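Chains as they are written, first to last, in the working numbering: chain A, 3 to 374; chain B, 2 to 250; chain C, 139 to 496.
One thing to keep in mind: the hints can contain errors.
[Claimed, not checked] Taking lysine-lysine and the BS3-like style, the derived pairs with C-alpha atoms no more than 27 Å apart in a straight line are:
{"hint": "1", "chain 1": "C", "residue 1": "Lys489", "chain 2": "B", "residue 2": "Lys224"}
{"hint": "2", "chain 1": "A", "residue 1": "Lys366", "chain 2": "A", "residue 2": "Lys17"}
{"hint": "3", "chain 1": "B", "residue 1": "Lys213", "chain 2": "B", "residue 2": "Lys224"}
{"hint": "4", "chain 1": "B", "residue 1": "Lys108", "chain 2": "C", "residue 2": "Lys489"}
{"hint": "5", "chain 1": "B", "residue 1": "Lys75", "chain 2": "A", "residue 2": "Lys17"}
{"hint": "6", "chain 1": "B", "residue 1": "Lys87", "chain 2": "C", "residue 2": "Lys489"}
[As the list claims (entries may be wrong)] Just the calculated beta-carbon pair ranges, DEER-fashion:
{"hint": "7", "chain 1": "A", "residue 1": "Tyr319", "chain 2": "C", "residue 2": "Gly210", "range": "20 to 30 Å"}
{"hint": "8", "chain 1": "A", "residue 1": "Asn206", "chain 2": "B", "residue 2": "Glu201", "range": "29 to 39 Å"}
{"hint": "9", "chain 1": "A", "residue 1": "Ser208", "chain 2": "C", "residue 2": "Gly217", "range": "46 to 56 Å"}
{"hint": "10", "chain 1": "C", "residue 1": "His342", "chain 2": "A", "residue 2": "Asn206", "range": "30 to 40 Å"}
The set of hints was computed from the structure by calculation and includes no laboratory data.
Owing to the predicted nature of the structure, the values given are computational and were not obtained by experimental measurement.
Idealized CB from N, CA, C, for every residue including glycine.
Okay, here's what each chain looks like letter by letter:
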Amino acid sequence: MSLLDWRRTLSISRKEVRHVRRDPFTLALALGLPVLLVTFFGFAIDFEVRDIGLSVHDQDDSRASRQLAEVFSSSGFFRLQKAEDPGRLLRELDSERASAVLVIEPGFGKDAGAGRGASAQLILDGADNTRASAMLGYLPGITAAAQARLLGSAPPQPARLRTRFLYNPELNSRWFVIPGLTVVVVGLLAILLTALTVAREWENGSMELLLSTPVRPLEIILGKLLPYVVLCFLGAGVVYLTARLGFGVPFRGSHLLAVAAGAMFLLACLSWGLLISVATRQQQLAMQLSLISGLLPSLLLSGFVFPIESMPPFFQYFTSILPQKWFMIVARGEFLKGAGVLDLAKPLLALFVMDAVLITAALKRFKRDLEP
Amino acid sequence: MSAPGVEVSELVVRFGDFTAVDRVSFTVERGEVFGFLGANGAGKTTTIRVLCGLLLPTSGSARVAGLDFSDGGKAIKSKVGYMSQKFTLYPDLTAGENLAFAAGLRKLDPGLARERTRELLDFIGFTPALTVLVRDLPGGFKQELALAAAMMHAPEVVFLDEPTSGVAPAGRVRFWELIYKLAGAGKTVLVTTHYMDEAERCGRVALMRAGKLIALDSPAALKREAFPKPGAAPSLEDVFVKLVEGADR
Amino acid sequence: MNRTLLAFLRKELMQTLRDPRMRVILFIMPVVQMTVFGLALSTEVRDIRLRVLREPGDSAMARLEERFYASGWFVPAAGGGETDSDATLYAPPGGFRRAMERGEGDVQLIVDAVNAAKARAIEAYANAILAGFLRSGLGPGEPPPAIDLDVRVLYNPAMESAVFMVPGVMSMILCLVTIVLTSMSFAREREGGTFETIVSAPLHDWEIILGKTLPYILLGLVDAALVITAGVLLFSVPLRGPLWILALSAFVFIITTVSVGTLISTIADSQQQAMLGGFLFLFPAILMSGIMFPVENMPPAIAWVAHLDPLMYFVRLLRNVLLKGGDPWVVGSNLAVLAAMACGAAALAFKRFRQTLN
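Hey, can you work out the whole structure from these sequences and the hints?
Written out as structure tokens, the structure reads:
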């Protein structure tokens, strides 16, 4: 007696395919949604902070103070405006009219002319960390530019930094966003698609019917997973084409490796959904659990936007339970770095272990329900 | 109180081009058990939905408990109890909570609701505890509880849309005893069913075919009419096969 | 109170709260998730793994390297390979000091730019460190700078990530929970056949829709109180504005999301569609909220979508009230937009619900 009978497994798959085909909304969503979301957010997401409102309160009104303000505006990052009510400068920030206020006190021009070290005050809105840290990052460059502008010539620089950016020399944030977005969207879809499959059969009683046949649990589990693996692969394939052709993201690695890792990743996410379905046996709860366990963690903890290296050590380990974290490393490695099997040994191994654990857990839980 | 329970004349319901109910007329007296038969899509459920105030007729008139549709069906809804073919209780609530919700839907006074609950449970002979989740009740009890929920507001007319589908035979017999008890208490009962033995138990049955009413009489009279030869003992099923063939011709 | 509404309230709360797993989802998960995200997420780029390639005797370069580690941004890379580091610093050939004296002390920095934003930050930090190094006199004499910017960061002077992230995470969680609770409500009644029972009672349409939404607005408010309290207590996020404005904003926001969820549930034919519909709303709403990336400089063709995102307005409101004390204009305008959205979503849900009746 073999472990599983492929004919029976495939007949379960066929039934699931029929179910999906009868629901064109789900089918369209599975195929179209990844492309739609990746395209849309590929255009939308840009981490560069530009067009920052800067209110200038120039009490000095000298040539030097005007030059200083000009340096800010010509940096391209700031949009200058006059402070509305000099008496209440903080209101500029409170009312979100500006994200920074530049206060130049009388005497600035005189000090600068005399080379005494003229000082101006810059107040930043710290309520939005992203913007505040971006501004702090721009400041060294702006100070240097102001120095050069006000003193007429750049001071001799004994040492300079020459930076070369690897893998993404033009710092195109799309190259970073799109592989990550693909991982998040396809992974979530995989979880959501299978989350209801088993719960639905329990709810409408067809599970009892299925169990009265000689089909085994493993055959049911695999039979249900297979069609969704194919469906998600199709969705991912379309996203891949969009990324390459639409956004010109390079692909420097091996397609074979990417497909193999992708299959492992999809299997992990699908089993995650299936585990929820098997454990809840109730559609509403399955939906709630899968959205709550899937959506925010895979957006926030996968390294998609917030770097895992910046997290406290405990959370760097904690995030390892997310398949998204591992496949994110693979996807970025394959797209941008041309990483080989050896470079990706750890994430590949992690994905493999997750597949094994999640499928076993789903199977075990499922078998437990079958015992009288 | 002389108005009949249900009075339908020349009732037509159209959905776009499709005529679901085509010029149907009949009258059901108070205290009568009236059966509705026909294949799926013959128009039984649509007729019942109109009589429950859930659908407005395209033309023709219908009066339920002496009331008409002049207010969009709201008055009718308050005189009618409806138990649809789908199971209409919340499986994740207890028996008591389901009845309380039914009472709340009808805005019953809490004291009155408690009294009605006691009466109805007594009436249907409900023995399990009220704190049992409906999902854990045996099938027959669920159906009886659904009937109690539909009767919470003491309706004059009760519509039962395939109330016994999926219920074990013993449960069906018990349920029909309840139906007779209702009729005995002066309620007008309209039942749709697939089961011929249940149709035999109705005072009169109406047979629908493609939206039309093709026969209406007591089961015995229908048999006599279709098989007039003395000594013939046709089943009601034979009668309907013959009637349907006749209508199709 | 209207008896029908009361019955609905009791029924929906019973259905939601009876299952202990639901109580966990509703009351424990939000706090757990907020704690995890609040502790874990940081917008700051820290612990950049740096590799320095220099000759053993290059003491100037060694001092520069020390300054990199002392800055707190950089840590020494553990392995020697290129993949083990985020950035590599190459000393000029022949020693850093000699190169500086020649006036060509170019230090090369190679940055892993897979994450473009992080790469940009690394470059900025490195530049600042080098400038500080040169000024400190460790390098050959340079006049003190003629221009000095005295920078002060307001509202969150230590730039703590939690203070920034927690209000954002709060709103994400509220949005998620309310949508997840409501997006199946009518779909479930219809699949279970109980919808018939409800519509066969002589009720006004508004009684039904209020009955199906009011309990979830209440639950949403309880959750809002929970996450806001947890945020303020656990992460010492300041509460500088009046509490009632916070409560009002949460109320209006929850009405909006509950209405959107209900709208989804009236459109969906099955629970599966309801779930995918919920996802279809949640995913863009969260991404566009301004928490994960700046929404101000999106291309205009796309920016209008962000302006339809209730979450974006709520995040702005929350940040303004919590950190800045609630500026009347910001609170007023964002609240007005949210209120308009709440009315719009509620009206749409109601309209759609009436359509399904016929």
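List of violated hint numbers, smallest to largest: Hints 1, 5 not satisfied by this model.
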